[in-house]
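Protein chains in written order, with my numbering: chain A, 1 to 505; chain B, 1 to 138.
Hints in this document: simulated from the structure, not taken from any laboratory. The model shown is predicted, which means the values in this text are computed figures rather than measured ones. Glycine is no exception: its CB is placed at the ideal position from the N, C-alpha and C atoms. Keep in mind that the hints are not guaranteed to be accurate.
On the chain A side, residues computed to face chain B include the following (Cβ under 8 Å) [as the list claims (entries may be wrong)]:
#	residue
1	HIS58
2	ILE59
3	PHE60
4	PHE82
5	PRO326
6	PHE330
7	ALA345
8	ALA347
9	ALA348
10	ALA433
11	MET501
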Amino acid sequence: MIFDGEKEQRAVAEAFDYVIVGSGAAGATVARTLADSGASIAVVEEGPAVDTAEFDDHIFPTMQRIFRGGGLGALNARGRAFIPIIQGSCLGGTTVVNSAIVWRIPNDVWESWNVEYGLGKALPLTELHKNWDQIERELYVEPTPPAVWGGNNRLLDVAKTNLSVSAFPTRRNVRDCRGSARCFTGCPFGAKQSMLVSYLPYAVKRGATIFTSARVDRILMEENQAKAVTGFFHTSTVKKDLAPFTLYARKAVIVAASAIQTPLLLARSGVHSSHLGAHFQGHPGCSLTGVFDQPVNLWSGATQGYESDQHRVDGRFKVEPLALPPELVFGAMPGIGKRWVENMAQAAHLAVWSAPIRAEAEGAVREGRFGTDVRYDLTPRDMIFLRQGLKFVADLFFAAGAREIIPNVHGLPERLKHPEDGRLLESGPENPAAYSFALTHLFGTARMSARPQDGVVGTDFCVHGARNFYVVDSSVFPTNLGVNPQHAIMGIAMLAARQIMAKNG
Amino acid sequence: MLNPRAHVVLDTLLPPHAHPSLPRGLFDAGFESFYQNFARTANGTLRQGFQFALFIAIWISPLLIGRIPPITLYSRETRERALAAMESSRFYFLRQMMLILKNVVAFCYGANREVRDAIGYPRQHDDLRDTQNGRGSL
Numbered sequence: 001m002i003f004d005g006e007k008e009q010r011a012v013a014e015a016f017d018y019v020i021v022g023s024g025a026a027g028a029t030v031a032r033t034l035a036d037s038g039a040s041i042a043v044v045e046e047g048p049a050v051d052t053a054e055f056d057d058h059i060f061p062t063m064q065r066i067f068r069g070g071g072l073g074a075l076n077a078r079g080r081a082f083i084p085i086i087q088g089s090c091l092g093g094t095t096v097v098n099s100a101i102v103w104r105i106p107n108d109v110w111e112s113w114n115v116e117y118g119l120g121k122a123l124p125l126t127e128l129h130k131n132w133d134q135i136e137r138e139l140y141v142e143p144t145p146p147a148v149w150g151g152n153n154r155l156l157d158v159a160k161t162n163l164s165v166s167a168f169p170t171r172r173n174v175r176d177c178r179g180s181a182r183c184f185t186g187c188p189f190g191a192k193q194s195m196l197v198s199y200l201p202y203a204v205k206r207g208a209t210i211f212t213s214a215r216v217d218r219i220l221m222e223e224n225q226a227k228a229v230t231g232f233f234h235t236s237t238v239k240k241d242l243a244p245f246t247l248y249a250r251k252a253v254i255v256a257a258s259a260i261q262t263p264l265l266l267a268r269s270g271v272h273s274s275h276l277g278a279h280f281q282g283h284p285g286c287s288l289t290g291v292f293d294q295p296v297n298l299w300s301g302a303t304q305g306y307e308s309d310q311h312r313v314d315g316r317f318k319v320e321p322l323a324l325p326p327e328l329v330f331g332a333m334p335g336i337g338k339r340w341v342e343n344m345a346q347a348a349h350l351a352v353w354s355a356p357i358r359a360e361a362e363g364a365v366r367e368g369r370f371g372t373d374v375r376y377d378l379t380p381r382d383m384i385f386l387r388q389g390l391k392f393v394a395d396l397f398f399a400a401g402a403r404e405i406i407p408n409v410h411g412l413p414e415r416l417k418h419p420e421d422g423r424l425l426e427s428g429p430e431n432p433a434a435y436s437f438a439l440t441h442l443f444g445t446a447r448m449s450a451r452p453q454d455g456v457v458g459t460d461f462c463v464h465g466a467r468n469f470y471v472v473d474s475s476v477f478p479t480n481l482g483v484n485p486q487h488a489i490m491g492i493a494m495l496a497a498r499q500i501m502a503k504n505g
Numbered sequence: 001m002l003n004p005r006a007h008v009v010l011d012t013l014l015p016p017h018a019h020p021s022l023p024r025g026l027f028d029a030g031f032e033s034f035y036q037n038f039a040r041t042a043n044g045t046l047r048q049g050f051q052f053a054l055f056i057a058i059w060i061s062p063l064l065i066g067r068i069p070p071i072t073l074y075s076r077e078t079r080e081r082a083l084a085a086m087e088s089s090r091f092y093f094l095r096q097m098m099l100i101l102k103n104v105v106a107f108c109y110g111a112n113r114e115v116r117d118a119i120g121y122p123r124q125h126d127d128l129r130d131t132q133n134g135r136g137s138l
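The shape of chain B in the complex, shown without the other chains (with noise of 0.2 Å):
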């Protein structure tokens, strides 16, 4: 289970209603559920450094743009610019583990059915499976 910062921290970075063709943030695109099997799955070094990606991004990332950590202290605004704060950091390492963070999050985002759909990615024969397996369409 994420913890509510976590929580905070990657709906910020992928929100809901953000482009008219993506309505879907990650969290309405089924991220619980692949986390769950992320957080089974995935090799130690992937898992364990998305959770420190997450810990930086919470505690560290509101220090660039001179906050008071924890993140959840602020509105989106605030917290939007703290994560591109680590985006575009001078530290390889804040933005490495930026980069961790939105890969982890694509790789659920992007299988998502209907972001494919929205994109103009095209259904493949192997989509009947998936929905077949419940994880086609979230």
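This is chain A alone, in the form it adopts within the complex (with noise of 0.2 Å):
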């Protein structure tokens, strides 16, 4: 069952074995194994629910619909550059919004964590095997199919075949994929394997009950046990509080509200550690546009079909086209009246590709004056990763035969129009004021320790000091992953509420 709670305008009062805050990939994750032991379930979540059908093809009614506080502008990582953070809010969660990218938790990033953080035990890599086996079957993951590469994928597989790099087509959860290139806007035909359509339907099948439209403001502790959920059913676009609501965990409440807000609702709760918003970490991107002679016609094909990891580990860095609807071609696109519509007509010759990389630097997360206050500035190494990454993009550009690449940089000639000004990249700006981010790949604000001096959360992902209390979202993770987080987080989620259902009955 759904509950609507900004159509039905009702307070509710009801009591539930496990409450499960956010529906994204951990939250939807966690219902969807919980369902299956017939346990009673809520999920809660703050956004609206939104019909596949509703799904809209502009960008502005969809950040307003589909997107944390509006989308742009409604959350800024602060430090030196002022970079937007992308996240989903609605019924499933950034995984509405994301391109569908498919990644288990490379070896390298598990190793570390397992040596520098001493969670191997906690995350045993044969048990999160089996579970990412399970979510590839049960969500239809595969290389996406030459088919619908599309110009902008189709590109990058010249370059690979001209360079000789490490690059493929994207496993991403999609069955059926149109090559419509809309995944940032939800996909309109289900073909994207989101919460959405997939684990949420899945619980709800078998007794869930979820709460949408729904903010959580706290969680009720007793004698450090979790015992309630309450907070305000509210509308969508003008946020207006409607009804309160109540939901009663008899066994566990579990957040999984993401890096951003998890945190934060922790420290509301009363939990108290130095690392509860500390640690930080994303993967900040930037992204180059190629003009190429030949149509390449963005707007079709997988929205982020192929990639390469050519430098995942030496670079920290991976490539990944991007295909984005005319509105935000033309935002990024340089120069005022006359000029800047004459870029707009290239439109069609246009390739984006970015560079996004495994940051190494930790920012906070914090309750501000003026709502939710993201502190974060890159370090020189990771200027040093982008500047490196942005280069390598410039050297596929040319390799797939692009005619002159937009770099976007403060600083830089507006176009580059020869493969050695792909230098000019390398040797660039080392302020993070002269690029334009986009923030996404959000990790670290409540991680996971064997001691509670070390972290917020222990490796039964139960917050220290605190009963049926459990975190299981990108927050418990020591460090970013260099690669799309969906599956891990996944994974993840789905070994936690294993654990906890054995532990709980």
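From the two separate chains plus the hints, produce the assembled complex.
Dropping the structure here:
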């Protein structure tokens, strides 16, 4: 059953075995796993339930409806640069607006978690691989077929051949993808196996109740035991509180609200730790635009259907094509007046590839005077990785036959016209403020640790010093991954759900 | 409602007849009605950022090219130079303000059906629904 708090407009006080806060990759996977046990489950989602058929092909209304805070400008990481943080906020969370990219935790990353953080036993790789096998079966994971590569992805395949680098079709959780390049605004065909169309319906069929447009304000604790979650139903666009709700948890409260919202909720609920909200990490990325003589038709093909991991380990960056709707392509084009319009008119001939980096920077998430306050500043080494990443993207573009590249970097020429100009990117500005970043993939603000003094959550996913109070999202990760995290989050959430189930019967 | 000075700034930013394939300017692409919705529903940071960016464009950008504000005193060519100076300013804050202006403008312009047709963006199955809602063809 789905209880739409925006429509129902009445107070709710009910009891369930498990109350899960958040319906994204982590929360939905926990719901899916617990649902098999026959337990009664409530999933509480701050955003609205949006039907697949309602997904809109226009960025502004889409941002208003399914992105956190209305999208652009709502939440920025503040350092020397303001970096917009992109998060979905609707039933299914960010899985609704991501590109469905599937990566298991790379061995080198897991090894560092094992050696440096002592989490090998808490997160056993054999168990995780079993979970990933199951998830991949259930969500139809496969490499993007050439039929839906489209021009943008296909050009990276050309560059791969010409430069002999490691690159391949992206593995994604999609079923019968039509290559409509609309992942970022929600797949209107239900092809992307987001939590909205996969694990949440699975849980609902087995009796789970989902509360949408329901903002959790705090977890009610009694003698260090999580007893209930409480908050308000609200309107989804112009935020206005409606009726209150209290959902009692007979067995456990499980928080999966993301690395931004989880630490804030924990803090409001009385959890104290110097690590809470600290160690915030992510994958900031910048993109370059390649201009080709032939039409690329950026808007045709899988949103992100091909990728290069050539420098994932040594350079801490990946390369991914990005299909963008016209609004976002136009907004990134340089120029004023006639020049801007001339650049827009080239849109069909543009390809956009990004270099997200596995940044070493650690920031902090706090409740500020004016709302959520995220402090985050890239380190000098991060800027080296970024510049090397952009140089590599430029090399790939020229190898694919680009006529010129629009770097969108302050202080560099508006267009780079020769392959050797790529070095300008490598020796580009060191200040992050010269670049246009976006920050996705967020980690670490309630990190897992064996000892309370080293983190917020124990190796059993329970908040240190509390009972029946679990955190299962990427907040518990000790570091970022360098790859897209949805699959890692789901595998770990499934592991957590099984442990919680075993412990609580 | 946009004030006349803001109107001049936005018309300078995205004028009509700037390119043969994109003859529509921002205000031919339905910006007035877009703005009404934007002013009502956009998040506070973006809404206030847009207003502030317009203020900067009107009153500060002319100073960047050695002219006395407001920007509306000058010809289109001079206005374009002032806004271009804002876009490439060494001050990060001014560049960010221009980024907000351009993004909000692009939210409207890039969503316009005829603009999309002009750049070759394929019609989507939901265009029919948009047209019925009065949003598809402006």
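Q: Could you tell me which of the numbered hints above are not met by this structure, giving the numbers in increasing order?
A: Violated hint (a single one): 11; every other hint is consistent with the structure.
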